[in-house]
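K.L.:
Below, each chain spelled out in residue letters.
There are 2 protein chains.
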Amino acid sequence: MNEFELIKNYFQKLSKKTSCALNLNDDVFFDKKKKLVVSVDTYIEGNHFLNFNKPDLVIKKIIRSSISDIICKGVKPKYYFISGSGNKKTFTKSNLLKISKSLNEEQNRYNILLSGGDTVFSNKLSFTITSIGFANDIIYRNKAKINDDIYVSGNLGDSYLGLLVLKKKVKLNKLLSKYFSNKYFMPNIKIELADELKNFASSSIDISDGLLADLDKLINSQKLSYKLNLKNIPISNNLKKILKNKKLSKINFISNGDDYQVLLTAPQSKRGIIKRISSKLGIKITKIGIIQNNSLKSSIIDLNNAVITLKNKGYSHKF
Amino acid sequence: MNEFELIKNYFQKLSKKTSCALNLNDDVFFDKKKKLVVSVDTYIEGNHFLNFNKPDLVIKKIIRSSISDIICKGVKPKYYFISGSGNKKTFTKSNLLKISKSLNEEQNRYNILLSGGDTVFSNKLSFTITSIGFANDIIYRNKAKINDDIYVSGNLGDSYLGLLVLKKKVKLNKLLSKYFSNKYFMPNIKIELADELKNFASSSIDISDGLLADLDKLINSQKLSYKLNLKNIPISNNLKKILKNKKLSKINFISNGDDYQVLLTAPQSKRGIIKRISSKLGIKITKIGIIQNNSLKSSIIDLNNAVITLKNKGYSHKF
Numbered sequence: 001m002n003e004f005e006l007i008k009n010y011f012q013k014l015s016k017k018t019s020c021a022l023n024l025n026d027d028v029f030f031d032k033k034k035k036l037v038v039s040v041d042t043y044i045e046g047n048h049f050l051n052f053n054k055p056d057l058v059i060k061k062i063i064r065s066s067i068s069d070i071i072c073k074g075v076k077p078k079y080y081f082i083s084g085s086g087n088k089k090t091f092t093k094s095n096l097l098k099i100s101k102s103l104n105e106e107q108n109r110y111n112i113l114l115s116g117g118d119t120v121f122s123n124k125l126s127f128t129i130t131s132i133g134f135a136n137d138i139i140y141r142n143k144a145k146i147n148d149d150i151y152v153s154g155n156l157g158d159s160y161l162g163l164l165v166l167k168k169k170v171k172l173n174k175l176l177s178k179y180f181s182n183k184y185f186m187p188n189i190k191i192e193l194a195d196e197l198k199n200f201a202s203s204s205i206d207i208s209d210g211l212l213a214d215l216d217k218l219i220n221s222q223k224l225s226y227k228l229n230l231k232n233i234p235i236s237n238n239l240k241k242i243l244k245n246k247k248l249s250k251i252n253f254i255s256n257g258d259d260y261q262v263l264l265t266a267p268q269s270k271r272g273i274i275k276r277i278s279s280k281l282g283i284k285i286t287k288i289g290i291i292q293n294n295s296l297k298s299s300i301i302d303l304n305n306a307v308i309t310l311k312n313k314g315y316s317h318k319f
Numbered sequence: 001m002n003e004f005e006l007i008k009n010y011f012q013k014l015s016k017k018t019s020c021a022l023n024l025n026d027d028v029f030f031d032k033k034k035k036l037v038v039s040v041d042t043y044i045e046g047n048h049f050l051n052f053n054k055p056d057l058v059i060k061k062i063i064r065s066s067i068s069d070i071i072c073k074g075v076k077p078k079y080y081f082i083s084g085s086g087n088k089k090t091f092t093k094s095n096l097l098k099i100s101k102s103l104n105e106e107q108n109r110y111n112i113l114l115s116g117g118d119t120v121f122s123n124k125l126s127f128t129i130t131s132i133g134f135a136n137d138i139i140y141r142n143k144a145k146i147n148d149d150i151y152v153s154g155n156l157g158d159s160y161l162g163l164l165v166l167k168k169k170v171k172l173n174k175l176l177s178k179y180f181s182n183k184y185f186m187p188n189i190k191i192e193l194a195d196e197l198k199n200f201a202s203s204s205i206d207i208s209d210g211l212l213a214d215l216d217k218l219i220n221s222q223k224l225s226y227k228l229n230l231k232n233i234p235i236s237n238n239l240k241k242i243l244k245n246k247k248l249s250k251i252n253f254i255s256n257g258d259d260y261q262v263l264l265t266a267p268q269s270k271r272g273i274i275k276r277i278s279s280k281l282g283i284k285i286t287k288i289g290i291i292q293n294n295s296l297k298s299s300i301i302d303l304n305n306a307v308i309t310l311k312n313k314g315y316s317h318k319f
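Residue numbers (my numbering), protein chains in the order written: chain A, 1 to 319; chain B, 1 to 319.
There could be a bad hint or two in this list.
The list cannot tell twin chains apart, which means a pair is met if one copy fits it or any two copies do.
[What the hints assert, rightly or not] Each computed DSSO-like pair below joins lysine-lysine, with the alpha-carbon atoms no more than 27 Å apart:
(1) Lys-198 with Lys-34
(2) Lys-101 with Lys-198
(3) Lys-76 with Lys-270
(4) Lys-169 with Lys-35
(5) Lys-223 with Lys-145
(6) Lys-240 with Lys-287
(7) Lys-217 with Lys-270
(8) Lys-240 with Lys-34
(9) Lys-280 with Lys-34
(10) Lys-124 with Lys-93
(11) Lys-13 with Lys-76
(12) Lys-101 with Lys-8
(13) Lys-60 with Lys-16
(14) Lys-13 with Lys-54
(15) Lys-145 with Lys-76
(16) Lys-241 with Lys-178
(17) Lys-217 with Lys-198
(18) Lys-60 with Lys-8
(19) Lys-246 with Lys-16
(20) Lys-168 with Lys-247
(21) Lys-89 with Lys-247
(22) Lys-223 with Lys-169
(23) Lys-198 with Lys-33
(24) Lys-241 with Lys-169
For the record, the hints were derived by calculation from the structure and aren't laboratory data.
Only chain A is shown next, with the shape it has when bound in the complex (with noise of 0.2 Å):
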């Protein structure tokens, strides 16, 4: 059983669709009467995160992961909240410290505040993240209309790289190590698009299990499917000489998540808006593919024209 099949199966009905408030298919909780939106997610050590000897980069990358699932959806967050189990080897005074800094840096690049939390006692390391923001409106997943453009933020696949540097399944010189695994610590969140996006996205979500499995969860509802192009698939230079060196597949660097960049649609009438924002903010937003009915079948097309698909979508939460 996936986390959706479980949502579903058990959970869905608990959360009756009221005229204000989103039920439990979407990244968020919406009441639009009182203008909040909510995200709730728990971050578990060997899972989310490898281990907890940069207790200052877990930390940054879970506060970003968090308020990532607000910005995409077209809304800056205010508040969050902490809840951290762990014990006497994890949360040691130096630690304790290297998570308060990081949090305050946090604060400042994002203009949020910390306002409660929890902290237990458990051999166990996990950190539990509420981020709170408001807004008159959302943009929703299960939205988006055929012939609809599909667009990502910034360069996908660095994060997965990181994480096989920080695996040692790769290896690189410092100077590459260093570079590829900040970008798994840190995602470059682009909270300056929240305020732009519903100026053209008809849906949107975050990249946090892989560019595929966020997609399908994009249109889960909707009877669509969609083309990607993989050429068109925005990657860093860095991680285009890494592939070209150590002759590695495109293909299976850009899905495999933790990139937290916003994946969207719009129509193509926004083609014009999409540019000059992307050129006013300084931030790559690429056509990647497009939305169809799914009397055809979705589809990658590879870098030799031809159709191909993948066995594994991305990260999928098992019990």
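Chain A is already provided as a structure; the job is to place chain B on it using the hints.
P.N.:
Okay, now just chain B, sitting in the frame of chain A:
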């Protein structure tokens, strides 16, 4: 280092007290401008609940514990978010059905709505509950005045005896075992009090860690102390009988926490209205002591009119 020191030393400064938002020195977060009240708590197997043999009851306990934080502030909860970490053994289909059924019963009883959350894989079972309510104002900590009366709702100690029964440290007949373990799992949260508290309480908190520990928290930034009268501290007739039969001492049962009753202070001028509201709602609200200047030490007058001091004031989260 206890939880209080941990917050003070490392996290207090991250939570600037703005004109509209509380800092970390209260049980709930309150944004007066947005009228938003938030409480976040984590519950871990072996710590906050013994085990998961009765998932239906554990879920009820943690939901009630979470909304109790908001209700004791004079606010009705509206939404809750549940983030569960577990594995295939804890999240079996049978357990998920029990969890879902329990949540549904709690939703109907307290008029709250599941609004989101997260499910992650972990061999350590834990839940984080975020509860949200809306209010123009809340009842704060640290607003008690000298000579204010101290009150508590309901009875204390039943839950602790229930825990001892579940731990097989006290043996009772089947009927009484059931009575006390139910008090442990399903504290009778006084949601009807939420709308009335603001009419008389000068400060309030819910009793989760224990009467004395929570009373200390209620006045922790004030130069105040308290005098309690053991004789007046309310316990159930069932507990009275057990204490008598087993020759157990009352003092050992009234401050071990998990009571989830409302502990509050009120000016002496409010005695009339408190009696009337207590009678109207059919909820016991008992005067158990008085707030005094801290030139006098906090004390408890025992059943023989002698002053007693306690070593262990209740549960404290240590790291």
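K.L.:
All hints, please: hold or fail.
P.N.:
Hints and how they fare:
For the homomeric pair Lys-198 and Lys-34, the shortest alpha-carbon distances inside one copy (19 Å) and between copies (23 Å) are both at most 27 Å. When the C-alpha separation of Lys-101 and Lys-198 is checked against a cutoff of 27 Å, the pair qualifies neither within a copy, at 33 Å, nor between copies, at 38 Å. Only within a single protomer do Lys-76 and Lys-270 lie at most 27 Å apart by alpha-carbon distance; the minimum there is 22 Å, versus 44 Å between protomers. Proximity of Lys-169 and Lys-35 under a CA criterion of 27 Å is satisfied in neither setting, with 45 Å inside one chain copy and 50 Å between copies.
When the C-alpha separation of Lys-223 and Lys-145 is checked against a cutoff of 27 Å, the pair qualifies only within one copy, where the shortest distance is 10 Å, while the shortest distance between copies is 63 Å. In the homo-oligomer, the alpha carbons of Lys-240 and Lys-287 lie at most 27 Å apart inside one protomer (18 Å), although the nearest pairing across protomers, at 73 Å, exceeds that limit. For a Cα distance limit of 27 Å, the shortest separation of Lys-217 from Lys-270 inside one copy, 23 Å, qualifies, whereas the shortest one across copies, 56 Å, does not. Taking the shortest Cα distances, Lys-240 and Lys-34 never come within 27 Å of each other, neither inside one copy (46 Å) nor across copies (47 Å).
Within a single copy, Lys-280 and Lys-34 get their C-alpha atoms no closer than 32 Å, and across copies no closer than 32 Å, so neither meets the 27 Å cut-off. Taking the shortest Cα distances, Lys-124 and Lys-93 sit within 27 Å of each other both inside one copy (18 Å) and across copies (24 Å). In this homomeric assembly, Lys-13 and Lys-76 come within 27 Å of each other (Cα to Cα) only across copies, at 22 Å, whereas the closest approach inside a single copy is 29 Å. Taking CA atoms no more than 27 Å apart as the test, Lys-101 paired with Lys-8 passes between copies only; the shortest distance there is 14 Å, against 39 Å inside one copy.
Taking the shortest Cα distances, Lys-60 and Lys-16 sit within 27 Å of each other only across copies (20 Å), while inside one copy they are farther apart (34 Å). Proximity of Lys-13 and Lys-54 under a CA criterion of 27 Å is satisfied inter-copy only: 22 Å between copies versus 40 Å inside one chain copy. Taking the closest pair of Cα atoms, Lys-145 and Lys-76 come within 27 Å of each other only inside a single copy of the chain (26 Å); across copies the shortest separation is 40 Å, beyond that limit. For a Cα distance limit of 27 Å, the shortest separation of Lys-241 from Lys-178 inside one copy, 15 Å, qualifies, whereas the shortest one across copies, 68 Å, does not.
For the homomeric pair Lys-217 and Lys-198, the shortest alpha-carbon distance inside one copy (19 Å) is at most 27 Å, but the shortest distance between copies (45 Å) is not. In the homo-oligomer, the alpha carbons of Lys-60 and Lys-8 lie at most 27 Å apart only across protomers (21 Å), although the nearest pairing inside one protomer, at 31 Å, exceeds that limit. Taking identical chains as interchangeable, the C-alpha atoms of Lys-246 and Lys-16 are never at most 27 Å apart, the minima being 51 Å within one chain and 49 Å between chains. Taking the shortest alpha-carbon separations for Lys-168 and Lys-247, only the intra-copy value of 18 Å comes in at or below 27 Å, while the best inter-copy value is 64 Å.
Taking the shortest alpha-carbon separations for Lys-89 and Lys-247, neither the intra-copy value of 41 Å nor the inter-copy value of 42 Å comes in at or below 27 Å. Taking identical chains as interchangeable, the C-alpha atoms of Lys-223 and Lys-169 are never at most 27 Å apart, the minima being 39 Å within one chain and 59 Å between chains. When the C-alpha separation of Lys-198 and Lys-33 is checked against a cutoff of 27 Å, the pair qualifies both within a copy, at 18 Å, and between copies, at 25 Å. For a Cα distance limit of 27 Å, the shortest separation of Lys-241 from Lys-169 inside one copy, 17 Å, qualifies, whereas the shortest one across copies, 66 Å, does not.
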